[in-house]
Amino acid sequence: MWCAVNRTLRAIVGLIVFAGGMTAGALASQLANPAPPDSPWRALPRVGQDGSTAAVAAMITSDDARSLAKALDPELLQRLASAIDPLVEVEDMTFTGATERDGDILAAYVAGGKAPSGDRLVVGVVFRVRDGKIVGVN
Amino acid sequence: MGMLRAIQPWAVVFLVAGFLGFGISALAVGLAEDRAVFGQHETAAARAYMISLLENEPQTLIALSPKTDVVSRAMQFAQAEAAAGSITPISLTYLGGRSAGATQVHIYAIELRSANGQRQFFPLALTFAGGHVVRRE
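Chains as they are written, first to last, in the working numbering: chain A, 1 to 138; chain B, 1 to 137.
Hints are computed from structural coordinates only; laboratory data are not their basis. The beta-carbon is built from N, C-alpha and C at its ideal position, and this holds for glycine as well. There could be a bad hint or two in this list.
Chain B side only, calculated, beta carbon under 7 Å to chain A, not exhaustive [what the hints assert, rightly or not]:
no.: 1; residue: Arg98
no.: 2; residue: Ala100
no.: 3; residue: Thr103
no.: 4; residue: Ile107
no.: 5; residue: Ala109
no.: 6; residue: Ala125
Chain B extracted, bound-state conformation (with noise of 0.2 Å):
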C-alpha cells in the first residue's frame, strides 16, 4: 500500500507525459504532412485498398468505400466475380500523396496483363475522406 502511494505521482507524471507525447507526435506528424514537409506516406489503407483491388477482392474495396446500399454491394461482388483471372497484375508503384485536411491523396503506377496478352501502365489516384475512398480515378 505505502509502495503504490509513493509510485502514484510518478505514475501521474508517466501517464501525463504519454498523453502529451501522443498529441505532440500526432499533431507534428499531421502537419508536416499538411505542409508536405516529407511528401505524405502510403497509408495502410491506401495499400490495402490497392492489393484489393488488384487481387479483385470485393470486401476491403466495400470496406474502404463510403456505405452504400445492399444492392450496390451485390453488384461488386456480382462484376469481382465475372472479372476473376481477367487481369494479372506485375508491378504496384506508390508515386506519393499529400493530405490537407481530412482529405488524402494517394498516387499509384499499375502494370498489368490483361486477358488478351496486352501490357498496360497506368496511373490510379485514390482520395481518402473519413478513411473511406471517395475518389478513385
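Just chain A, same shape as in the assembly (with noise of 0.2 Å):
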C-alpha cells in the first residue's frame, strides 16, 4: 500500500519538476530573442488594407500579366520588377502592415517566391496610395 502511495508521489512530482523545466525552458528561449529598444520617435497609427492594393497584389499572385499592364502604368510597372526582383516567380503576397500621413497611404506587402537559382525568398514590396490609386512603389 505505502509502496504504491510513494510511487503515485514519485510520478506527480515527476511531471511538476517536468513541466517547471518546460515552461523555464520556453521562457529561456522567448528570453533569448530581447525586446526591441525604445523608438526615440512616436509611430504613426496603421490604417487597413486598401482595395487598389489588394487588387494588385492578387493580380501578381494570380501571374495575371495582362490586367497589370492594365492597373499600372509603365513607370510603376517598372518600380514593382525593381521591388520583387530577384523574384521570378511570385507564389504568395501577404498583407503586413500599413500607415497614412497627410492622405498618402504606404501598405507594405511582402512576397514570398523562387529566385532564378530555384531558392524560396521574400521580398518587401510597397506601394504609396493616394485618392484611392496607386501613386508609387518601393
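Got two chains here, each in a separate frame; can you build the complex from them with the hints?
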C-alpha cells in the first residue's frame, strides 16, 4: 500500500518537475530574443488594407500580366519589377500593414517566391496610395 | 551528499525538460513566423538598425551589416559626419514583415524633415540574413 502511494507521489513530482523544466526552457527561449529598444520617435496609427493594393497583389500572385499592365502605368510597373527583384515566380503576397500621413497611405506587402537559382526568398514591396490610386511602388 | 543524490534524478528531468521546452518554443515561433501565422515580430536588431540609421550613428549600422573592408567603413563614418544634423526624424512606424528560412524582411514607414524644411514620408524595407542587413531599399 505504502509502496503504491510512494510510486504515485514520485510520478506526480516527476510530472511537476518536467512541466517546470519545460516552462523554464520556453521562457529562456523567449528571453533569448530581447525586445526591441524603445523608439525615440512616435509611431503612426495603422490603417487597413486598401482595395487597389489588394487587387494588384492578387494580380501578381495569380500571374495575371494582362490585368497588371492595365492597373499600373509603365513607370510603376518598372518600379514594381525592381521591388520584387530577384523573384522570378511570386507564389504569395502577404499584407503586413499600412499607415497614413496627410492623405498618403504606405501599404506594405511581403512577396514570397522563387529566385532564378530556385531558392525560396521573401522581399518587401510597399505601395504608395493617394485618393484610392497607387501612385508609387518601392 | 545523500540530499544531492536524492535530487539528482529530478535535476536531470528538469534539465531535459528545459532543453525540450527551449527547442519546442523556438521551433514553434519560427514556424509561426515562417507561415506568417501572427506576422513577423519586430526584432531588436531591426529596430536598432533603424534608430542608428535615423540618428546617423554608423557604429551599429556597420555591426549589423555584412563585414566590409576598412576603407568602406571609413567612408561610412565620413558620410555620417557630413550628413550630421541634415535630417530630423518625426515618426518611425513598423509596418510588419515576414521570414523565410534564415531570411527576414522588416518594413518601416519613416517621416522626417530634411535640412531645407521639407517633410518626407517614405518606406524602407530591411532584409536580414544571418543576423546582418543584406538589403535596404
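Against the structure, the hints come out as follows:
Contact between Arg98(B) and chain A, as hinted, is supported at the beta carbon level, the nearest pair being about 4 Å apart and thus within 7 Å. For Ala100(B), the suggested interface contact is upheld, since its CB lies about 4 Å from the closest CB of chain A, less than 7 Å. A distance limit of 7 Å between C-beta atoms decides the matter here; for Thr103(B) the minimum to chain A is near 6 Å, and the interface restraint holds. Residue-level restraint check for Ile107(B) holds (minimum Cβ-Cβ distance to chain A is 4 Å; threshold 7 Å).
Interface hint at Ala109(B): satisfied, since its Cβ lies 5 Å from the closest Cβ of chain A, which is below the 7 Å cut-off. The interface hint given for Ala125(B) is met, as the beta carbon of that residue sits about 3 Å from the closest beta carbon of chain A, less than 7 Å.
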